[in-house]
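Visitor: Chain by chain, the residues run as shown.
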Amino acid sequence: MSENDYPAVLPEQGDRSRGVIALLESNCTVCMLCARECPDWCIEIEGHKVTTPATTLQGRDRSHNILDRFAIDFSLCMYCGICIEVCPFDALFWSPEFEYAAPTIGGLTHEKEQLGGWMQSVPIEARGDNDPADSASDQR
Amino acid sequence: MAISVELLFADQLLRPEPAPVRVSVTWGRRYTLWVVGMGLACCSVEFIAGLLGRTRVAADSDLSPEPGLDDAHILVVSGTCTDKLAPAVRRLYDQLPEPRYVLSFGACASSGGPYWDSYSVTKGVDQLFPVDAYVPGCPPRPEALLQGLLVLQAAIATNDVANVPAFQTQAAVLARPLVAPPTSPRRNIEQP
Amino acid sequence: MTLRTGAVRTLVECLVETLADGVVRTSVTDSPATVEVQRDRWVDSLSAAHGAGAHFFDFLTAYDELDQGFVVLVHLSTPDAHDHVIISTRVARDDPRLVTVTSVYRGAAWHERETHEMFGIEFVGAERDDPLLLPAGFGAHPLRKDFVLAARVARPWPGGVEPDEDVSKRARRRPLPPGVPADWPRLEGGETP
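Chains as they are written, first to last, in this note's numbering: chain A, 1 to 140; chain B, 1 to 192; chain C, 1 to 193.
A couple of the hints might just be wrong.
Keeping only pairs whose Cα atoms sit at most 27 angstroms apart, straight-line, the calculated DSSO-like set for lysine-lysine is [stated by the list, open to error]:
#1 B:Lys123 - B:Lys84
#2 A:Lys49 - A:Lys112
#3 C:Lys145 - B:Lys84
#4 A:Lys112 - B:Lys84
#5 B:Lys123 - C:Lys145
For the record, the hints were derived by calculation from the structure and aren't laboratory data.
As the structure is a computational prediction, the values presented were derived from the model and not from experiment.
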């Protein structure tokens with residue numbers, strides 16, 4: 001059994017280590033499936049609908065959702081991964097990052113900016129075609 | 001029980017506290033961390049791996065195998081605290097001398113975690129006493145505990161040293177029974 | 001499930017033979033085999049199983065079948081764990097009383113205490129009936145099916161919000177989270193009681 005050199009050396013982690021959940025905001029359509037399926041009710045989402053008027057003569061107005069707030073309360077999260085599995089648009093990913101203890105319990109609620117930041121630590125093979133550089137909002 | 005040196009300083013020299021005294025006392029508190037763990041559930045296994053396993057932190061530290069409650073500075077609560085056990089957890093906190101810090105390890109100790117909706121779970125030990133650091137996870141890695149201790153050290157460093165409460169928990173409070181006595185009388189059952 | 005063959009009888013066979021008309025139904029295809037007995041033959045059935053060699057008492061528990069009452073069940077086995085049986089009986093919801101089995105298996109005392117506090121089933125003749133796991137003054141029986149987890153009602157469900165819902169208006173009734181029955185008392189405007 002080898003000696004654990006933390007904090008001098010970060011531990012070796014498996015390929016699909018569940019450390020923290022990362023959000024790729026550009027993929028999120030505010031479908032609310034993750035918030036509904038979370039067993040701990042730790043995902044809070046707020047959004048609003050935006051309507052684009054029709055561009056052709058007999059076309060109809062198009063509407064889509066804009067994400068205003070996406071927060072995960074990691075003090076409640078049990079790292080089951082249901083939110084990541086249920087997301088139909090691949091907006092949530094596992095990251096092996098685990099160093100985010102906080103002196104206040106509010107510090108364990110990560111807003112979408114922080115969740116987007118975790119995308120940098122998502123393993124490349126897990127990202128698929130999703131580029132973390134897109135994590136900045138590019139709302140249409 | 002001998003009075004700790006830090007409390008002497010706090011009372012006599014720290015109003016107003018000169019900077020060198022504050023720095024040295026804070027330095028002493030940051031780097032003398034004796035941990036007592038209250039392992040309630042699964043997270044205690046990770047606590048054992050983190051502090052009692054073959055880690056650099058354990059090897060470099062002067063970890064007494066079983067620090068008594070009189071010597072402990074940090075209480076690490078690992079695992080689910082039920083409403084029935086809550087008085088015992090509170091009793092353990094009351095028995096620690098000042099300065100004491102609490103680290104809540106894992107989701108259950110921080111907020112109730114996956115059992116947040118249970119009829120019998122205390123939704124986080126911060127309902128019983130103030131917590132100084134929270135480590136998320138279900139369960140957290142042993143290294144996450146070590147990182148939580150680093151966060152706690154940083155929090156200690158910014159503590160106002162003069163704000164050491166000068167109370168000692170009343171002996172009567174510590175001697176209160178935790179469990180109500182049985183209501184029905186015990187009888188001996190005949191052997192079959 | 002028994003691994004022995006030949007002339008040695010299984011626990012289920014012993015029970016059926018000893019109790020005769022006290023047995024309501026048996027199932028040997030379940031694993032382990034189950035025997036449901038009449039409520040007034042409850043202690044007799046456990047004595048018969050004990051006499052047939054089931055000296056290991058595993059657990060006693062219950063489940064709630066609403067209008068059909070509570071089913072109390074016991075898992076017994078021989079000490080070599082080759083032969084198992086689950087003996088169950090049914091008690092009515094409006095008269096949930098059953099004789100204690102501590103005269104046969106003393107280890108059932110804590111199990112009966114827990115079943116009593118969780119379901120409200122009274123075990124007649126039990127030594128102690130004070131709560132084992134619940135804090136004093138809890139006042140309800142949590143494992144009954146009509147016990148609602150109040151935290152799911154009190155806390156607003158994050159998944160109950162539609163993406164375009166204007167938070168300030170809330171004209172529409174919010175959907176109920178899973179686990180909350182539809183007739184749970186609710187105040188106007190979806191506020192918590």
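Visitor: Would you pick out the hints that fail for this structure and give their numbers low to high?
Guide: 4
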